[in-house]
Each structure stands twice: as structure tokens, then as C-alpha cells.
Amino acid sequence: MTTRFRISAGQFSSHFMAWPLATTALLAALTGCTSPRDGSLEEFARWHDGARAQAQAGALSWSELYKQSFDRLTALPPSLQQDTRLENTVLLLSTARKYEANEIDAQQFALEREHIETQLQARLR
65 MTTRFRISAG
75 QFSSHFMAWP
85 LATTALLAAL
95 TGCTSPRDGS
105 LEEFARWHDG
115 ARAQAQAGAL
125 SWSELYKQSF
135 DRLTALPPSL
145 QQDTRLENTV
155 LLLSTARKYE
165 ANEIDAQQFA
175 LEREHIETQL
185 QARLR
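Numbering (this note's numbering), first residue to last: 65 to 189.
Because the hints were derived from the structure by calculation, they are not lab data. Note that the structure is a prediction, hence the values are computed from the model and not measured. Here a beta-carbon is modelled for each residue, glycine too, at the ideal position from N, C-alpha and C. Incorrect hints may appear among the rest.
[Unchecked claim] Restraint-style ranges between C-beta atoms, simulated for each label pair: (1) K162 with P142: 26 to 32 Å; (2) E106 with N166: 21 to 27 Å; (3) Q171 with T138: 29 to 35 Å; (4) E106 with E151: 16 to 22 Å; (5) E167 with A139: 15 to 21 Å; (6) E106 with D169: 30 to 36 Å; (7) S158 with E107: 35 to 41 Å.
Given only the sequences and the hints, what does the whole structure look like? Please build it.
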């Protein structure tokens, strides 16, 4: 039996596969290249920069900065970057509490804070 319409498998698949591919491409273009996780971490980083400036100005205690950082980080979607930041935040919180309890002086606190933050930046690369 001869059919009236002959269409090759290639034509069939290209016609019916074009819509899902086009839809996927359109959705990717509309949502951008960053995942919600990346956006959450970027939002956290913006908040952290402002809160850190407050701590440096004395308007916020260092331990409160790191406590709030911990709380905000634990609310983010899980990721390796979140885990790394959480580890460092715990170290920074401990160091800040030592400083505020006068167990270490301001210079030692600044050195330890800088060391921990440098390690964080290296691990995030």
C-alpha cells in the first residue's frame, strides 16, 4: 500500500523535535545563566559586604555579624560553596568571641580574621 504522504524519519524528528528544543532554548535565555543557588549566594555576598562594613565601623559586633552570616547561610540551598562558607563562618565566629571576651587583642583578631578569609577565597576559586 502506498501512502499519500511520505516523510523521512529525519524530517519527522526534526519537525517534532524542533519545538521542545526551541522551548528549552527560550526558557534558558529568559532565566539567564545563573541558577537560583548562584543568585542566593550573590545576594548573601551583597548582604555580607554591608554587614561587614557595619562591623568595621563598630555599628555591629563581629560575633553578631558571623552569627547572622551563619543563620543566612544555613537558609540557602545546599552547595559546596555554602559548606565552605559555613566552615569559615564558624571559625570566624569563634575568633570574634575570643576577641570580644578579651582573650585575644585587636591585632591578633585582625590577623586571624584575615588568614581565615584568605583561605576562604582560595577555596572558593
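Can you name, in rising order, the numbers of the hints this structure does not satisfy?
-> Failing hints, ascending: 2, 5, 7.
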